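Undergrad: Residue strings, one per chain:
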Amino acid sequence: MKFKPLGDRILVQRIEAEEEMRGGIVIPDTAKEKPQEGMVVAVGDGRVLDSGDRVEMAVKAGDRVLFGKYGGSETTIDDVEYLILREDDVLGILQ
Amino acid sequence: MKFKPLGDRILVQRIEAEEEMRGGIVIPDTAKEKPQEGMVVAVGDGRVLDSGDRVEMAVKAGDRVLFGKYGGSETTIDDVEYLILREDDVLGILQ
Amino acid sequence: MKFKPLGDRILVQRIEAEEEMRGGIVIPDTAKEKPQEGMVVAVGDGRVLDSGDRVEMAVKAGDRVLFGKYGGSETTIDDVEYLILREDDVLGILQ
Amino acid sequence: MKFKPLGDRILVQRIEAEEEMRGGIVIPDTAKEKPQEGMVVAVGDGRVLDSGDRVEMAVKAGDRVLFGKYGGSETTIDDVEYLILREDDVLGILQ
Amino acid sequence: MKFKPLGDRILVQRIEAEEEMRGGIVIPDTAKEKPQEGMVVAVGDGRVLDSGDRVEMAVKAGDRVLFGKYGGSETTIDDVEYLILREDDVLGILQ
Amino acid sequence: MKFKPLGDRILVQRIEAEEEMRGGIVIPDTAKEKPQEGMVVAVGDGRVLDSGDRVEMAVKAGDRVLFGKYGGSETTIDDVEYLILREDDVLGILQ
Amino acid sequence: MKFKPLGDRILVQRIEAEEEMRGGIVIPDTAKEKPQEGMVVAVGDGRVLDSGDRVEMAVKAGDRVLFGKYGGSETTIDDVEYLILREDDVLGILQ
Chain B
1 MKFKPLGDRI LVQRIEAEEE MRGGIVIPDT AKEKPQEGMV VAVGDGRVLD SGDRVEMAVK
61 AGDRVLFGKY GGSETTIDDV EYLILREDDV LGILQ
Chain E
96 MKFKPLGDRI LVQRIEAEEE MRGGIVIPDT AKEKPQEGMV VAVGDGRVLD SGDRVEMAVK
156 AGDRVLFGKY GGSETTIDDV EYLILREDDV LGILQ
Chain G
191 MKFKPLGDRI LVQRIEAEEE MRGGIVIPDT AKEKPQEGMV VAVGDGRVLD SGDRVEMAVK
251 AGDRVLFGKY GGSETTIDDV EYLILREDDV LGILQ
Chain Y
286 MKFKPLGDRI LVQRIEAEEE MRGGIVIPDT AKEKPQEGMV VAVGDGRVLD SGDRVEMAVK
346 AGDRVLFGKY GGSETTIDDV EYLILREDDV LGILQ
Chain A
381 MKFKPLGDRI LVQRIEAEEE MRGGIVIPDT AKEKPQEGMV VAVGDGRVLD SGDRVEMAVK
441 AGDRVLFGKY GGSETTIDDV EYLILREDDV LGILQ
Chain D
476 MKFKPLGDRI LVQRIEAEEE MRGGIVIPDT AKEKPQEGMV VAVGDGRVLD SGDRVEMAVK
536 AGDRVLFGKY GGSETTIDDV EYLILREDDV LGILQ
Chain C
571 MKFKPLGDRI LVQRIEAEEE MRGGIVIPDT AKEKPQEGMV VAVGDGRVLD SGDRVEMAVK
631 AGDRVLFGKY GGSETTIDDV EYLILREDDV LGILQ
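Taken in order, these protein sequences are the chains called B, E, G, Y, A, D and C.
In this text, residue positions in the first sequence follow our numbering: the first is 1, and each later residue adds one.
In this text, residue positions in the second sequence follow our numbering: the first is 96, and each later residue adds one.
In this text, residue positions in the third sequence follow our numbering: the first is 191, and each later residue adds one.
In this text, residue positions in the fourth sequence follow our numbering: the first is 286, and each later residue adds one.
In this text, residue positions in the fifth sequence follow our numbering: the first is 381, and each later residue adds one.
In this text, residue positions in the sixth sequence follow our numbering: the first is 476, and each later residue adds one.
In this text, residue positions in the seventh sequence follow our numbering: the first is 571, and each later residue adds one.
Since the hints were derived computationally from the structure, they do not count as laboratory data.
In this text, all values refer to a predicted model and were calculated from it rather than measured experimentally.
Some clues are possibly wrong.
Stated by the list, open to error - To be clear about the criterion: a stretch of chain C counts as covered by chain D if any three or more of its residues have a C-beta under 8 Å from a C-beta of chain D, and this derived list gives those stretches:
| id | segment |
| --- | --- |
| 1 | 572-584 |
| 2 | 648-662 |
Unchecked claim - Counterexamples of contact, computed for chain E against chain B with all Cβ distances above 10 Å:
| id | residue |
| --- | --- |
| 3 | Leu101 |
| 4 | Arg109 |
| 5 | Ile110 |
| 6 | Glu111 |
| 7 | Lys129 |
| 8 | Met134 |
| 9 | Val136 |
| 10 | Ala137 |
| 11 | Asp140 |
| 12 | Leu144 |
| 13 | Ala153 |
| 14 | Glu169 |
| 15 | Val175 |
| 16 | Leu178 |
| 17 | Asp183 |
| 18 | Gly187 |
Beta carbons are placed, not taken as given, at the ideal position from N, Cα and C, and that holds for glycine.
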């Protein structure tokens, strides 16, 4: 099953960062509010401007992106977990 | 009786996801805030831009969509339960 | 006495839904936040866009509409109770 | 002394509704939030759009209008009490 | 020393209303939220629209205006007390 | 070291008003919320309109301005204290 | 690994200000809300206007900037700590 995000939304698969370890003890990661990393799987057609034109999406499927920890909706498609974000939640692209 | 949504609203019939079961026990689904699935039954004519033009609706009757758990109004038409959502509440289309 | 709503407002006469009954006992309807039904009696000339043009009203006198429970102002004209709503409070038209 | 409202403001003289009476006892009107009635005395030149044009006022001096209970500023000019409202606070015109 | 208000701001000198007196006792005026009266001393060049044009000021030096009690900044120039308001805080002009 | 404010921001050096004295005792100035005075040291290139054009700055280096007490960021450049304000925080120019 | 900020975002490496010392004692810096200093490492392509055009970025890689203490997301790329800010969080450029 394919998923087509609407408007300026994107479908992202989260890339889990390795937990920092000190002396073999995993430090849980609750206090830090660092961005999270993910792989873009599908993108919408872009936001509609007041002029009626669409803004071309700045990210594309395959991009490795950073995005804020809070925001987006978690969903499961064919037993795989994804995040649906708005493009504006994406901070930038890792190249 | 037919229902014609106004503006960028859509009429959706919810598709109940099967509850996850572990060892035969149904886990109630209160904590998760995953999107919900539905079938689009009717769509409005689209949002009016400041230019006076309308944005064409991105979903159409028959589309299977994901949408946020919170948002929209529940209504009953001819004894069938529906949700009235704004198109912007729709996260994307399952294809 | 006639009432001419201003801008994108409409004058609506509420259609009371029959209370659901179970075993002859009326279930009071406080918890449900379902939309309400009404008949459009008069409509304004429409919202003025930034371009100075007006958006044509999507509802007209005689339309049977659903609208959110909260919103609008109640008023009495010639001893009849009405609601004054903005067109955007109307979810759609029953046909 | 004359008063010229600015922009989309209007000067209104309130028309007191007769209190409802039951068995000769006046029921004070604190719970109801029904609109109030008034007579338009003077109107501004209208709101300026982003295009620089003005929106023509939809009400004119002499109109009998309904407006929300809350909103507007009370003022006294030549010992007469008035309300200064924005046109958008006016729900419609009684004809 | 002259003061040139910026944008849609105006410099106003407050005209103190005479306190109402009943039986020779001055009733302090804390509960009433009536507008205040003032004389316009200087005006800005007007608000800049998104088109880049300026909206011509609707008030000019010498106008006697009503304005809301709250809003504006008090200042003292050459030992005289003034108020700096935005034109939108002005309710209208007394003529 | 020079500082170039961004957009509609300005760099201002505060001019301390002399404290009012009554009978030789300095009255501390906590209750009053009068505007403050300053000298403009540097200005940005102006706010970008939706049309893509910039609004020309209304203040320039050397202007003596009044601005609200709250707002802006304090900074120290080459051991001198400055305020970085948005032009809209400036109430007007003393001439 | 390179990082390409999205839209009007910029990647900044913080320049730690030396703590003020009085008599050899470091004064911790909690009360002051002065701006912080940083070096711009990468910039986005700029904000998209309603006209569909982009606003050219006012800062570029290599600029030494001041920015507000609160705002932006901290991130670590190749073991170096960065801040991702919106250009509007930048107060100005030190030259």
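Undergrad: Take the segment 648-662 of chain C, compare each residue's beta carbon with every beta carbon of chain D, and decide whether three or more fall closer than 8 Å.
TA: With 5 residues in contact (Cβ-Cβ under 8 Å with chain D), the coverage given for the segment 648-662 of chain C holds.
Undergrad: Take a quick look at E:Ile110 and tell me if its Cβ sits farther than 10 Å from every Cβ on chain B, holds or violated.
TA: holds (13 Å)
Undergrad: Just checking, E:Glu111 versus chain B, shortest CB gap more than 10 Å?
TA: holds (15 Å)
Undergrad: Beyond 10 Å from every chain B Cβ: check whether that's true for E:Val175.
TA: holds (25 Å)
Undergrad: Is it correct that the beta-carbon of E:Leu178 has no partner in chain B closer than or equal to 10 Å?
TA: Holds, because the least Cβ-Cβ distance between E:Leu178 and chain B comes to about 16 Å, which exceeds 10 Å.
Undergrad: Would the least Cβ to Cβ distance between E:Gly187 and chain B come out above 10 Å?
TA: violated (4 Å)
Undergrad: Beyond 10 Å from every chain B Cβ: check whether that's true for E:Leu144.
TA: violated (5 Å)
Undergrad: Classify the label on E:Ala137 as holds or violated, using whether its beta-carbon is more than 10 Å from each beta-carbon of chain B.
TA: Since the minimum Cβ distance to chain B is about 17 Å, E:Ala137 lies beyond 10 Å and the statement holds.
Undergrad: Test the statement that E:Lys129 is away from the interface with chain B: the closest C-beta pair must be farther apart than 10 Å.
TA: violated (6 Å)
Undergrad: For the segment 572-584 of chain C, count the residues whose Cβ lies under 8 Å from any Cβ of chain D; is that count three or more?
TA: violated (count 0)
Undergrad: Are all beta-carbon distances from E:Ala153 to chain B longer than 10 Å?
TA: violated (6 Å)
Undergrad: Per the stated criterion, does the least C-beta distance between E:Leu101 and chain B lie above 10 Å, as a non-interface residue requires?
TA: Check passes; 18 Å lies beyond 10 Å.
Hint check: violations occur at hints 1, 7, 12, 13, 17, 18; the rest are consistent with the structure.
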